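Chemist: Turn these sequences into a full structure, and let the hints steer you where they fit.
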Amino acid sequence: MLCGSEISPELQNMTLPTLEQLEQDPYAALGVRKFINATCHHTNMGGTLIPETTLKAMRTAADNFVDLRELQKATGRIIAEVTHADDGYIVSGCAAGLMVSAAAIITGTDEALIEQLPYVQGGQVPCIAKRFARAKNYKGEEYVNHGYAMAVKTAGVKFVEIGEPDPEDRPTKVVTAEEYEQAFIDNPDAKMVYWVGYAPPEDIALEDVMDIAHAYGARVIIDASNCLPPRENLYRFIDLGADVVCFSGGKGIQGPQGSGIIAGSQDIIDSIAMQSAPSHGIGRVAKVSKEEVVGQIASFIWWVEQDDEERMTEHHRKTGMLHNSLSGLAKMSDSYIEFPDEDNRPMPNVHVKVDPATGKDAEWLIGELRDGDPAISVVGHARDPQIVRIDVRLLEDEEIAEISRRLHEILG
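Numbers 1 to 412, taken from our numbering, label the letters of the sequence shown in order.
Bear in mind the hints are in silico, worked out from the structure with no lab data behind them.
There could be a bad hint or two in this list.
Claimed, not checked - Below, in silico cross-link-like pairs of lysine to aspartate or glutamate (EDC-like), each with a Cα-Cα straight-line distance of 16 Å or less:
1. 136 - 168
2. 34 - 361
3. 136 - 169
4. 290 - 70
5. 331 - 368
6. 191 - 291
7. 290 - 86
8. 158 - 189
9. 56 - 291
10. 331 - 308
11. 34 - 371
12. 73 - 86
13. 191 - 161
14. 353 - 334
15. 173 - 343
16. 34 - 373
17. 173 - 203
18. 360 - 384
19. 34 - 402
20. 191 - 181
21. 173 - 342
22. 353 - 368
23. 287 - 70
24. 331 - 355
25. 73 - 384
26. 290 - 67
27. 353 - 363
28. 173 - 161
29. 360 - 343
30. 331 - 373
Claimed, not checked - Label-pair ranges, simulated between beta-carbon atoms:
31. 201 - 167: 13 to 21 Å
32. 384 - 241: 30 to 38 Å
33. 232 - 316: 16 to 24 Å
34. 384 - 287: 47 to 55 Å
35. 34 - 201: 19 to 27 Å
36. 112 - 380: 43 to 51 Å
37. 201 - 112: 39 to 47 Å
These figures come from a predicted structure and were not determined experimentally.
All residues carry an ideal CB built from backbone N, CA and C; glycine is no exception.
Modeler: As structure tokens, then:
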């Protein structure tokens, strides 16, 4: 009986997986395909693979109760030491970190303002940001595609966009000091700047952005979700003067996918703690369990202790292994290693270009790899519909060999 009612015939006739099946192979028990993930850290593919030491720490953490506020303070001190910040906090992903960081800048530690979010005193707070991408809905109407910055907007922010429109309606990547200055002159109540942690070399220097923002009394939020490696990015933004930096916990650091790290100024972290779980506030939705907090800090320490040079050498070895195996494919017009990647990050990947003469494109190759055996997940290139991007940094050599074999079957 469920809540005083009889179990429906549908539930009675369902064949549920056994707990033993779930323990042995949960995905097989649930009828969900497993992939070779050659996207590296993409959220839709499950983020990352968690190291054994982290899994052991999480399992041990599950055996006891603790005060979550005390746990957050303890892990915050470790985050602060490594990132050079005043303090740190763990939430349910980088997006959650961006939302509660923006909320903290808006409200400070004023409980009355915290209760008013996301419309403090009936309005929205201006935030300066580079121009976002444009897209069209099913009616053909143009709209702003905020992407990951939607998390900042959720806190009660109104974006003030700067920068020239991109010819292909992609996000603007290069802006000038004059544009930032003018944005603050036109919006004297702007409280923050949203900055993605990677930028092309010709863009304004981040320290110049911070100088301008701070001169107008505004704070700078860094979205560093997928900016690790290199290790120096853990502290570089804070050293340059950032007020708060948000990292994904389930990408480069290889922690639980539903976790994220915030490092920042003491006043911002204090406000975040006031309005994030276990407290009530807009950040209550960013709750993380004691097991996730422990797992996040375990992966954080594990990752920091790795040798950065050895890590990058291994990434390049794996990437070269795949690239060197792809010569002479009839339906491939080109293959090459891109480093740094298209966002100027030190992340090597292999680009495979489907020969346009075949009448096929990248989407075709993506589908062939996805629907084959084994199922392989790759992504297309942002600007070239013929190119597939393959990231093998977290794969085993045997998996890389399987990708090569399938590419030879499909493109040979």
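Chemist: All the hints need checking, so say for each whether the structure fits it.
Modeler: Hint by hint, here is what the structure shows:
no., hint, result
1, 136 - 168, "holds (13 Å)"
2, 34 - 361, "violated (25 Å)"
3, 136 - 169, "holds (10 Å)"
4, 290 - 70, "holds (11 Å)"
5, 331 - 368, "holds (13 Å)"
6, 191 - 291, "violated (35 Å)"
7, 290 - 86, "violated (22 Å)"
8, 158 - 189, "holds (11 Å)"
9, 56 - 291, "holds (10 Å)"
10, 331 - 308, "violated (37 Å)"
11, 34 - 371, "holds (11 Å)"
12, 73 - 86, "holds (12 Å)"
13, 191 - 161, "holds (14 Å)"
14, 353 - 334, "holds (5 Å)"
15, 173 - 343, "holds (10 Å)"
16, 34 - 373, "holds (10 Å)"
17, 173 - 203, "holds (7 Å)"
18, 360 - 384, "holds (13 Å)"
19, 34 - 402, "holds (14 Å)"
20, 191 - 181, "holds (14 Å)"
21, 173 - 342, "holds (12 Å)"
22, 353 - 368, "holds (14 Å)"
23, 287 - 70, "holds (15 Å)"
24, 331 - 355, "holds (5 Å)"
25, 73 - 384, "violated (46 Å)"
26, 290 - 67, "holds (9 Å)"
27, 353 - 363, "holds (11 Å)"
28, 173 - 161, "holds (12 Å)"
29, 360 - 343, "violated (26 Å)"
30, 331 - 373, "violated (20 Å)"
31, 201 - 167: 13 to 21 Å, "holds (20 Å)"
32, 384 - 241: 30 to 38 Å, "holds (37 Å)"
33, 232 - 316: 16 to 24 Å, "holds (18 Å)"
34, 384 - 287: 47 to 55 Å, "violated (41 Å)"
35, 34 - 201: 19 to 27 Å, "violated (39 Å)"
36, 112 - 380: 43 to 51 Å, "holds (48 Å)"
37, 201 - 112: 39 to 47 Å, "holds (45 Å)"
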